[in-house]
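Visitor: Listed below are the residues making up each chain.
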Amino acid sequence: MSAHLAAPRLRPQKPQTRSRALRLVAPVSSRARKAPFVVVVLTLLGAGLVGLILISTVLQAQSFEAARLSDEADALQTQQQALSREVDRMQSPSNIAQRALQLGMVPSANPIFLRITDGEVIGKAVPAPAKGSIRRVTQ
Amino acid sequence: MTRPRNRHSLSRRRLRGFLVVVVLVFTIFGLRLFQIQGLDTQAYAARAVEAGTARTTVPAPRGDILDRNGKDLATSVDGLTITADPSMTSDNAPRIARILVQKIGEDHIDYFDTIDKLRKPDSRFVYLVKGVPAWTAKKAVAAVQKAGFTGVFSEKESLRTYPGGRLAANLIGYVDGSGKGVQGIERQYDKQLTGTDGSSTYEVSPTGQRIPMADSTVKKMVPGGDVVSTIDRDLQWYADQRLADAVRASSSDWGLAITMDVRTGQIVQMSQVPTFDPDNQTGMQDYNTVSRAVQNVYEPGSVMKTVTMASLADQGKIAPDTPIVVPGGMTIDKFHIGDYWKHGTIHLTAAGVIAKSSNLGTIVASQQMSDETMYRYFHKFGFGTKSGVELPGESQGILKPGKEWTKANHATIAFGQGVSVTAMQMVRAVGAIANGGVMVDPTVVEGFISPDGKRTDAEPTASRRVVSKKAAAIVTRMMEAVTAKDGTAPAAAIPGYRVAGKTGTAWRVNPVTGKYVRGQNTVSFMGFAPADKPRFLTYIVLDKPYSAAGGGSTAGPVFHDIMSMALERFGVAPTGSKPPKVRQDW
Chain H
1 MSAHLAAPRL RPQKPQTRSR ALRLVAPVSS RARKAPFVVV VLTLLGAGLV
51 GLILISTVLQ AQSFEAARLS DEADALQTQQ QALSREVDRM QSPSNIAQRA
101 LQLGMVPSAN PIFLRITDGE VIGKAVPAPA KGSIRRVTQ
Chain X
1 MTRPRNRHSL SRRRLRGFLV VVVLVFTIFG LRLFQIQGLD TQAYAARAVE
51 AGTARTTVPA PRGDILDRNG KDLATSVDGL TITADPSMTS DNAPRIARIL
101 VQKIGEDHID YFDTIDKLRK PDSRFVYLVK GVPAWTAKKA VAAVQKAGFT
151 GVFSEKESLR TYPGGRLAAN LIGYVDGSGK GVQGIERQYD KQLTGTDGSS
201 TYEVSPTGQR IPMADSTVKK MVPGGDVVST IDRDLQWYAD QRLADAVRAS
251 SSDWGLAITM DVRTGQIVQM SQVPTFDPDN QTGMQDYNTV SRAVQNVYEP
301 GSVMKTVTMA SLADQGKIAP DTPIVVPGGM TIDKFHIGDY WKHGTIHLTA
351 AGVIAKSSNL GTIVASQQMS DETMYRYFHK FGFGTKSGVE LPGESQGILK
401 PGKEWTKANH ATIAFGQGVS VTAMQMVRAV GAIANGGVMV DPTVVEGFIS
451 PDGKRTDAEP TASRRVVSKK AAAIVTRMME AVTAKDGTAP AAAIPGYRVA
501 GKTGTAWRVN PVTGKYVRGQ NTVSFMGFAP ADKPRFLTYI VLDKPYSAAG
551 GGSTAGPVFH DIMSMALERF GVAPTGSKPP KVRQDW
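Chains H and X, in that order, are what the protein sequence lines are. The opening position of the first sequence corresponds to residue 1 in full-length UniProt numbering, with each subsequent residue numbered one higher. The opening position of the second sequence corresponds to residue 1 in full-length UniProt numbering, with each subsequent residue numbered one higher.
Where hints are given, some of them may not hold.
Sample of chain H residues lacking proximity to chain X, with all beta carbon distances greater than 10 Å (derived) [to be verified]: (1) R23; (2) V25; (3) A26; (4) R33; (5) V38; (6) L49; (7) V50; (8) L69; (9) E72; (10) R99; (11) I112; (12) I116; (13) T117; (14) G119; (15) A130; (16) V137.
Listed below are the simulated SDA-like cross-link pairs for lysine to any residue, each with C-alpha atoms no more than 25 Å apart in a straight line [claimed, not checked]: (17) K146(X) with V182(X); (18) K180(X) with T331(X); (19) K581(X) with A549(X); (20) K103(X) with K131(H); (21) K342(X) with T331(X); (22) K219(X) with S63(H); (23) K581(X) with V126(H); (24) K124(H) with D486(X); (25) K403(X) with E372(X); (26) K469(X) with A549(X); (27) K146(X) with P163(X); (28) K219(X) with T78(H); (29) K156(X) with K124(H); (30) K139(X) with D74(H); (31) K131(H) with R98(X); (32) K342(X) with K71(X); (33) K544(X) with P557(X); (34) K581(X) with A125(H); (35) K130(X) with V182(X); (36) K71(X) with A100(H); (37) K146(X) with Q81(H).
Derived by calculation from the structure, the hints in this document are not laboratory data. Just so it is clear, CB atoms sit at the ideal spot from N, CA and C, and this is done for glycine as well.
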């Protein structure tokens, strides 16, 4: 700063030069074009609006799709339950016993085991009578 | 010059006028805004929320009841409640009702009753039928819509089903209309089985469409936990069937069959006849739904002789070969007691007394202990106290305190008359003899599975020693004589196995008069196998069979079949040892 302040002292200014420098000038007429700016702003706004509408439409469509899929899942779950109930019914002891009886099978008359390691039969083999302990299925 | 000046003042006046109007309009707006935002905020906000919010309840499914191998005994499926708006259906009521009855079935819905509901005046909502499986209900509602009728709707609910129907119904129990357990495991473990209903609240458009990305709150539904029972489904079915046949063949009033793992107290099978079907709700009378194994008391008869003998053996006062002089009859307190077969004075061993089921021999033996001692042992064996099985409505039976016993009481209680028990108490007591003198409380639940799939085992039940191991072995040896060729129940023997057992033919008490009824009996058979390494104990009770029926001949074969099936299913091989020969007389 001191160098700046010191300079004028070394070279004293002349009054004429000063007055010429402060002359009034005509305002510069700005010819910068406004159109591109307006277009840019409008485009941005327009794009935003269209984007918003698109997103909202897509979301709506997805919401419908979600509702449809959820209904479908519901229906499939119901079907699955119906089928698994059918499987349960088929696997139930009474159904299996019923079918075994139809095939002419009878319950084993006496528990007997085969030991795999040495092939020994443990227990007393008793032939099952033709009419076993279960003759018909009522339960 | 006047014109422009006039025009100037005119526009100025207009400007002022406009300004006033604008200020006025904005003031009104401002005031209204202040009213809405500042004064009536809450009311408006509430109304807005009300109009734009929809709520749905998500019913929590009740947990399953499984058998020991994970097979469903009771489970929950989606069900639907069918509802209607009578203002829309009254004109076509008969036709709508016909479609519904066709699709749902007459068991669930009544034709005329439905017409009345569909025509209910001044109503916009009626329940037509509840608890229909979703697959059936959906078909029915769709059929109504397809026929061109409106006003029939459906609501989601959780529905309880029992895939086995009558299978173990008295043990599993059932639920009432609101889904709360009222009997059996359903009631005892209602808390574990019941889930927490969820709900979701979300914003909807005026047309009812859900607004995406708008506020929504969801309360998560928590399904109920599963209960794993100790029942083996296939064994249970076999026992149910076998018992039903036996009850029919002997024309008994009712029958019971219980099998317990003597080491753990786990009940692997518990059958009752007659019973009910909780799945289609048939036979729901109290007579069928009562759980007789724990709620029904009766006099056990001769099976109790095993407990008397165990008490004596524990005191070292009896062994299988102890000689007993059995008189031909006795009169105690003017009460005549005899044996089921006529005899003079005979010489039986203690094993012979059990094998031949002599009342008089048991009385003679039991005279060696005082009323107090005998009561103390019976109390230790769990009579007069609940069995600890943890099932609802359990009875503790009736055992008079020893101080109040008469001479006749002492004599008859020794062979199981004048004392009332539940079958579960009897199973626990004789289970102690099978388990080397250690009594284990019975249990029907093995574990629990939480909604997230984590399994926790049930606490092992209480156990305590009631008699010495030696005493238990002595009584077991006596009981083995029962299933021998010259015992009272050779039909209960299982070839290849050593089977210990005891028959019971008890005088039946009329519950109204409290007196014995001549010719009416409760017959039973209690036994365990293999006798030298006991695993299972099976108890069969048949109430009021035809008059000539005896424990050995009527209940014995049922015991044989159920016990054989239990040994086979659980892979319990015979031990291969031979039963020691015990003298029955001297």
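Visitor: Straight-line Cα separation of K469(X) and A549(X) no greater than 25 Å?
Guide: Roughly 35 Å between the alpha carbons, so the hint for K469(X) and A549(X) is violated.
Visitor: For E72(H), is the shortest beta carbon distance to chain X beyond 10 Å?
Guide: Answer for E72(H): holds, closest chain X Cβ roughly 13 Å.
Visitor: Take a quick look at whether K124(H) and D486(X) sit within 25 Å of each other, Cα to Cα.
Guide: Measuring from Cα to Cα gives roughly 20 Å; hence the hint holds.
Visitor: Given the hinted pair K581(X) and A549(X), is their Cα-Cα distance within 25 Å?
Guide: Outside the cut-off at roughly 29 Å; violated.
Visitor: Say whether it holds or is violated: I116(H) keeps its Cβ farther than 10 Å from all Cβ of chain X.
Guide: At roughly 12 Å from the nearest Cβ of chain X, I116(H) sits farther out than 10 Å, so the non-interface label holds.
Visitor: Please verify whether K342(X) and T331(X) have alpha carbons no more than 25 Å apart.
Guide: holds, 15 Å
Visitor: Does G119(H) really sit off the interface, with its C-beta more than 10 Å from all C-beta atoms of chain X?
Guide: holds, 14 Å
Visitor: Is K403(X) close enough to E372(X), meaning Cα to Cα at most 25 Å?
Guide: Holds, at roughly 7 Å.
Visitor: Closest CB-CB distance from V50(H) to chain X, is it above 10 Å?
Guide: holds, 19 Å
Visitor: Would V25(H) pass as off the interface with chain X, using Cβ distances and a cut of 10 Å?
Guide: The assertion about V25(H) holds, with a minimum of 36 Å to chain X.
Visitor: According to the definition I'm using, a residue is off the interface if its beta carbon is farther than 10 Å from all beta carbons of the partner; does L49(H) meet that for chain X?
Guide: Given that every Cβ of chain X is farther than 10 Å from that of L49(H), nearest at about 18 Å, it holds.
Visitor: Next pair to validate is K544(X) with P557(X); report whether the Cα-Cα distance is within 25 Å.
Guide: holds, 17 Å
Going through the hint list in order, the structure does not satisfy hints 11, 16, 17, 18, 19, 20, 26, 27, 29, 31 and 32.
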